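**Q** Sequence:
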Amino acid sequence: MSTRPMPDVLIVDDDDIDVMAVRRALAKANVSPRTHVAHNGEEALALLDPDATSVKSPCIVLLDINMPRMNGFDFLDRIRNDERLHDLVVFMVSTSDAPEDRARAYRYNVAGYINKSLPDAKFHASVNMLVDYCRVVQLPDTP
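No gaps in the numbering here: position 121 of the sequence shown is 120 in numbering that gives the first Met the number 0, and each next residue is one more.
It is worth saying that the hints were derived from the structure and are not from the lab. Hints are supplied without guarantee of correctness; some may be wrong.
Claimed, not checked - As a list, the in silico EDC-like pairs of lysine to aspartate or glutamate whose alpha-carbon atoms are at most 16 Å apart: (1) K27 with D131; (2) K121 with D17; (3) K115 with D13; (4) K115 with D14.
Said to hold, decoys possible - Simulated restraints, written as ranges between beta carbons of each label pair: (5) N114 with D76: 16 to 24 Å; (6) E99 with P4: 32 to 40 Å; (7) A45 with A110: 21 to 29 Å; (8) D14 with S53: 16 to 24 Å; (9) K121 with D48: 32 to 40 Å; (10) A124 with A102: 17 to 25 Å.
Quick caveat: nothing in here was measured; it's all calculated off a predicted structure. Don't be surprised by glycine CBs; every beta carbon is placed ideally from N, CA and C.
Taking the hints into account, I'd like the entire structure generated from these sequences.
**A** So, in structure tokens, the structure goes:
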């Protein structure tokens, strides 16, 4: 298997403890992608602005649902309707286990839905799955 560098990871979550948990799980998986943090959808859009971005593309977005100012679904609506951002690979990472939230996320073509309330071992397994995804899947280059 070829070894590609792990793409940048944009964590969109207003809970700093959850952000640290993702970073710890990535470190435990022995990868060290550049990680960027936005505390709501508005901050994430600013980081992803192709004219002023610090997030290198391609990237993986780990998106929470419940955040102030712009929640995860509003963010998904914006990027899926933006020609420059609609192809972003997004994994929903939420405490919500509501079937309607999962169904709504998949209607926005998320790559996966991960419940961050999983026990540590299962959460780490989910992050390992993300790492394997990045090693196997060829993400599109930016135009």
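**Q** Compare the structure with each hint and give your call.
**A** Now for the hints, and whether the structure bears them out:
For the hint pairing K27 with D131, the CA-to-CA distance comes to about 13 Å; that is within 16 Å, so the pair holds. Between K121 and D17, the direct Cα distance comes to roughly 15 Å. Compliance with the 16 Å bound is thereby established for this hinted pair. Taking the CA atoms of K115 and D13, the gap is near 13 Å; set against the 16 Å cutoff, the hint holds. With a C-alpha separation of about 12 Å, the suggested pairing of K115 with D14 holds against the 16 Å cut-off.
The supplied range of 16 to 24 Å is met by N114 and D76, whose beta-carbon atoms lie about 22 Å from each other. At about 37 Å, the beta-carbon gap between E99 and P4 stays in the expected band of 32 to 40 Å. The given range of 21 to 29 Å is respected by A45 and A110, whose C-beta atoms sit roughly 23 Å from each other. Our hint of 16 to 24 Å for D14 and S53 holds, since their Cβ atoms are close to 22 Å apart.
Checked against the given bound of 32 to 40 Å, the beta carbons of K121 and D48, roughly 35 Å apart, stay inside it. Checking the proposed 17 to 25 Å range against A124 and A102 shows it holds: the Cβ atoms sit about 23 Å from each other.
Going down the numbered hints, you'll see the structure goes against none, and every one checks out.
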